[in-house]
Amino acid sequence: MRPASCVPTRFSLEGLPAIVALLALTVLVSACVNRRFDRRLSQAEQQVENDRSALENTVDSATRRLNWEGACRLMDEKNQRLRLGREQLADLERQRKRFALDQISPRLSAVANLSSALGSLAQLDDRDYGIRLFGSFNIPNPITVYARRYSLELQYYQSALSLHELERRLKATLYGQFLRYGALEQIETGKPERGNLTGIWERAFSRERDELNEQRRMRSMRLYLNQTLNTPGENWAPDVSSLPKISYANELSRLKPEKGYGRLALKQAAGQVEASLANLWRLKLERLPSFSTGVSVPTLYDSGLDENGFEADEVRLFGSLNESFDLSGREAESARQAEQRAILVQESLRSRLESEIYILDEAKQNYRNLLSERDKMLKLLRWMEKNPPPGGGPKVVLKRINEASALRVRLKQNELQRRQLDLEFWIWDEEYWKSPF
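Count the sequence shown with the working numbering and you get residues 10 to 446, in order.
Incorrect hints may have been included.
Straight-line Cα separation of at most 20 Å, SDA-like style, residue types lysine to any residue; simulated pairs [what the hints assert, rightly or not]:
(1) LYS265 with TRP392
(2) LYS87 with ARG226
(3) LYS254 with LEU430
(4) LYS254 with TRP392
(5) LYS268 with ILE255
(6) LYS276 with ALA287
(7) LYS254 with ARG82
(8) LYS276 with GLU174
(9) LYS254 with LEU432
(10) LYS443 with GLU176
(11) LYS265 with GLU283
(12) LYS443 with GLY269
(13) LYS265 with SER250
(14) LYS421 with LEU380
(15) LYS388 with ILE410
(16) LYS254 with GLU439
(17) LYS385 with ALA258
(18) LYS265 with GLN97
(19) LYS87 with ASN235
(20) LYS443 with ARG82
(21) LYS421 with LYS443
(22) LYS421 with TRP392
(23) LYS421 with ARG226
(24) LYS268 with GLN374
(25) LYS276 with LYS388
(26) LYS421 with LEU387
(27) LYS254 with GLN97
It should be emphasised that the hints constitute simulated quantities derived from the structure, not laboratory data.
Using the sequences and the hints, build the whole thing.
See the structure below:
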């Protein structure tokens, strides 16, 4: 009898073809992935290059007239920030609608398995694979459900207000871009004249530089407008005459918080305070004993069994009550910090309210000063037009022309400053907007 160590070892080559086939398939899949990745990346690079070339060809394209209503419609449909904000709000709305169903709906899961020797892969039978179907049903904790629902409602409320503020600010931005385009169109006609030969020669030699600066400003204006409207490649010419009139020259006394002005900001501040308190409340709830219940359902289907069926006697109701003891004091410290943050939020809110009251009063006073300055300049301009300068010499007349031209430039600057303040007032004037709440 031979020693055990001398007994020849038997090697079975029955599963070798299957192993080789699996290795070959793995190599083939890896090669296909690499080839597909290179092709897709090359296509993406070519697409980006085509887009860049197409945009370069639109630099000197013909302008298209755009009125205010068309611009608002384009911005409402295409602006990326608005679309992202609306999609996030729609997702929260879907969560609100299906919240109750998500808490009580049963869960189904299926498992498929395969177990066979490599050499027997070509001869599979019912014993080599199996399929199982499971079901589960959880009974939600009322306290946890209430906290989640409350948090969802608060998140939806804050998101809706933020989106509404974004819509207002973007529309005010678009309005301001229209105004700046109109100002750029009149920049040449609004330049003051110089009454000496040196100034004339300076203007002659600097004309090309001024034209380049104007082109640069126009291209920047075009870029900003395309970013707001999300219309890359377009060359819009805003129709300033189509803008609605927005003026608070006769409505400054109406801009008071007690009359509804700034109510959107008030709601946003209230949401921030409530969020800080809700966070504190959530931490306190987490320190309470947790209670969980559920229903244990047997396997609904098993392909390995001869008979399958659902029997109510096998359904089991289970529950548990858990309490964790914070020996390190971290939970208490977290609750204390959350309470302190809630206090800080309310204090910062009062400080911000005081600052906003001051800013509003300053803005209204600046507006009144601009109106007074405008009236004085208009009165002086009318007097200069009706009363020719004494002496009537060429230099005196040219000086009067320069003074009148400079005065008109100041009037235009005064108007632009008032328009900017009008837009700031407009954002927070609830009479012009429909609040979501």
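Quick rundown of the hints versus the structure:
no., hint, result
1, LYS265 with TRP392, "38 Å, violated"
2, LYS87 with ARG226, "24 Å, violated"
3, LYS254 with LEU430, "13 Å, holds"
4, LYS254 with TRP392, "28 Å, violated"
5, LYS268 with ILE255, "19 Å, holds"
6, LYS276 with ALA287, "16 Å, holds"
7, LYS254 with ARG82, "18 Å, holds"
8, LYS276 with GLU174, "11 Å, holds"
9, LYS254 with LEU432, "11 Å, holds"
10, LYS443 with GLU176, "11 Å, holds"
11, LYS265 with GLU283, "24 Å, violated"
12, LYS443 with GLY269, "12 Å, holds"
13, LYS265 with SER250, "30 Å, violated"
14, LYS421 with LEU380, "12 Å, holds"
15, LYS388 with ILE410, "16 Å, holds"
16, LYS254 with GLU439, "17 Å, holds"
17, LYS385 with ALA258, "16 Å, holds"
18, LYS265 with GLN97, "33 Å, violated"
19, LYS87 with ASN235, "10 Å, holds"
20, LYS443 with ARG82, "17 Å, holds"
21, LYS421 with LYS443, "32 Å, violated"
22, LYS421 with TRP392, "18 Å, holds"
23, LYS421 with ARG226, "18 Å, holds"
24, LYS268 with GLN374, "19 Å, holds"
25, LYS276 with LYS388, "44 Å, violated"
26, LYS421 with LEU387, "11 Å, holds"
27, LYS254 with GLN97, "33 Å, violated"
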